[in-house]
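If you're matching positions, the sequence shown starts at 1 in full-length UniProt numbering and goes up one per residue.
Keep in mind the hints are simulated off the structure, nothing from the lab. Among these hints, one or two may not hold up.
What the hints assert, rightly or not - For lysine to aspartate or glutamate, the following EDC-like pairs were computed, each having C-alpha atoms within a straight-line distance of at most 20 Å:
| id | residue 1 | residue 2 |
| --- | --- | --- |
| 1 | K88 | D153 |
| 2 | K680 | E660 |
| 3 | K77 | D153 |
| 4 | K110 | D31 |
| 5 | K554 | E660 |
Unchecked claim - Distance ranges between label pairs, derived from CB positions:
| id | residue 1 | residue 2 | range |
| --- | --- | --- | --- |
| 6 | N529 | G53 | 46 to 56 Å |
| 7 | K467 | D528 | 20 to 30 Å |
| 8 | T450 | G246 | 43 to 53 Å |
| 9 | Q95 | R40 | 22 to 32 Å |
| 10 | T47 | L674 | 40 to 50 Å |
| 11 | G407 | T504 | 40 to 50 Å |
These numbers come from a predicted model, not from an experiment. Note that CB positions come from ideal geometry on N, CA and C, so glycine has one too.
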Amino acid sequence: MKLINNLLIIYWYAYARYDLISAHSWVDCIDHDFDVVYTRSAAWVLTGTRGNGVCEGYGYNYPGRGDPDVNVKFTYKLLPDEIRANSKSLCQVTQSQAEYTGWRTRIHAKSGDTLYYAYFANGHTAIDKRGSGTAYGVYWTHEPSTMLESPHDLTPEKLVDGQLHDFDDGNCGEAFDRDGNPTGRAGSYFPCVGSFVVPHNAASGTYSMVWYWTFFNQTDFDGNFTDFQGAGGAAYSTCFDVVIEGDDNGIESENSTINQTISLDGGISSQIVNEEANDIVSTQLVHEEISRKAFGNDVLNDASSFSSSSHQKEADESSKSDNVDLFPQPLPPYPVVSVLNDSQTINNVVMMDRGINKSNSSSKPREQGRPPPTTTHTWESPKHSMTFTSVGGSGFYSKVIDMRCNGSQECVQADYGVSGPLAPFHEDLTLSFRGPMSIQAISVFHRSRTRAWLQTSSYNASSGNVKNMVFLNNRGDAAKSGEWDICHGNSQSFATSDATTSSTKSVSFRGELDDGMELNVMSANPCDNSCGFSRGIAYAGWSGIEKIFIVKAKMPQAQSGRNIPAIWMLNGQVVRTAQYGCNCRGQGTSGKWKGGCGELDVAEVVAGDTSKISSAIYSFQGARSADDHSERPTDVYVIYVVIFSFETSIHGQIQILTFEENEVDISVPPTSELVEKWLKVRSGPRVSF
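I would like the entire structure built from these sequences, with the hints used as guidance.
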């Protein structure tokens, strides 16, 4: 009986706590740790007053989930008429009235820190679904000890991360809809999560920030509506402080290269970092253009339209354009009259922010090409698996924008912001190989609009067939292809068939890579300005969040020499500048940018035990690795399958599987069902950021 009573108490308490999260929305918890905000959210959602202080930061005068009147006390609503008339303040209290006492604290952070915040969907993503497509943003004044006072102050330049985000992060919401059907959502007690990176150019001080959600769209706002699709019809805000400490913006030389930063408008600074170069919209448009070049519009991934925390849900076929996937378009959370007189201009700005061509947004897409052939894969458990999780989020790396040679080596770089699941690995990647290695076949697959997998590039050594691939190496020679200078050495060049030197033209690879020889494989789409700065022979790699690379190879022992073969995946910018010199790759776990723009060591033999394979990952998040985790395939071919995919709304995962040579048909796309099985394999090491 005591057990039953306890269960009833727990049930009643959980029900009461759920009642608190079924009202309108606000920010509950702000923290550096995603797990505190999301994974272990029950610690502050369901534990009453014991949850007070679990998070590092809170909104102004936040009463805590243990207060039975939290919904009444903390919900702050602004009605459309109040917004138009500018008759209600943006925040419930002023910064000076905010009671940060006891457990209720301001979050402290440094420039470059990623901060996560939680808010609940309260039925508006899984039950009535009316929140999907509405927008929120986080705003600030750029100056410490100042406040935004009204919704009319919320102009685009005030967005901390330069982004508006869909209220629906694609993951949060109730586990069952109003009819009791499973939604595939996280469940009632898991919040939606957003994030932003503390700007690098912020001086020390206490900054007032505003989370502002409009439960309406611009059409309804302009039409003097009463609600949005039967609900909403108001904006909601949470104001909070961020204390930015220290000054990480000084000169920081990490190698002997003379590093200068040049802003995108041409101004030169002696600092490594110039925040004027961090143009998020440009980032997105560049990514999208590279995607088009690498594999065409029919399989264009949406990586560049993902915000730091917004996993946009795929739109219905009827709402897609002829050229690109169309996702829900949140509109500005401020009245049009406070920014521009032309509402069409506002809408165009938002469409550009999402990287979408609005001109064709109402037309139905054309499916290009034939349906993928039926797969002949047979499901077998892989010989080995290696999983990297919690990849991505928001961060910065040092983008190369010029390489000078005026008597001394100058590597000119600018701080460059990226965000989204898998960032920066959603940018274009190259496949890089080091011998001794025999490479029998390579295939690259991307997801189409219909969610089927399509082969976008392929190579077969036996047949000599090559589709959408070029073979390059670091042997730039002005007399053949590429370039060389005394400061930065060799650029990329076309590789000869054995990859030992440079070729005057693009030729196919013969399949055998001698000890110590290296080969970079890219798509066959030449770069233009959309790839950013490059030198020598420059081609685009393969970009997007959902992509699969399959390589059939073996690594025979070399009788002498280095004998450390490897399969890597590098950000395309690395090889387009200087793979072993001035590039966007960082130092791994140290330095301002840590691992920088990204490197994935799929299968690498390192000095020491040359019979073993190691894997590692490097990005702005740092570095993680698993050493000597599987056997080197010396005598027989194996198949490496590398899957880039979503893990949560703000993070991605990378799955590396090793199969016997006849267990995977590398020539045809895998089915979605097979890929889902592959993603669930956890027989080997699992490493998380």
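Query raised in the report: Are K680 and E660 close enough, with their CA atoms no more than 20 Å apart?
Result: holds (19 Å)
Requested in this report: Given the range 22 to 32 Å, decide if the beta-carbon distance of Q95 to R40 lies inside it.
Outcome: Between Q95 and R40, where Cβ atoms are some 30 Å apart, the hint holds.
Report task. Starting from the hint 40 to 50 Å, judge whether the C-beta atoms of T47 and L674 obey it. Result -> holds (42 Å)
Query raised in the report: Cβ-Cβ distance between K467 and D528: within 20 to 30 Å?
Result: Distance hint for K467, D528 holds at roughly 22 Å.
Query raised in the report: Between T450 and G246, does the beta-carbon spacing fit 43 to 53 Å?
Result: Between T450 and G246, where Cβ atoms are some 50 Å apart, the hint holds.
Report task. Sort out whether D31 lies within 20 Å of K110, counting only the CA atoms. Result -> holds (13 Å)
Query - Given hint E660 paired with K554 - CA-CA distance at most 20 Å - result: holds (11 Å)
Requested in this report: Please test the hint of 46 to 56 Å on the beta carbon pair from N529 and G53.
Outcome: holds (51 Å)
Query raised in the report: Does the structure keep K88 and D153 at a Cα separation of 20 Å or less?
Result: holds (12 Å)
Query raised in the report: Under the criterion that the straight-line Cα-Cα distance not exceed 20 Å, is the pair K77, D153 satisfied?
Result: With a Cα-Cα distance of about 17 Å, the restraint between K77 and D153 holds, given a limit of 20 Å.
Query raised in the report: Is the gap between the beta carbons of G407 and T504 within 40 to 50 Å?
Result: violated (31 Å)
In summary, the one numbered hint that this structure violates is 11.
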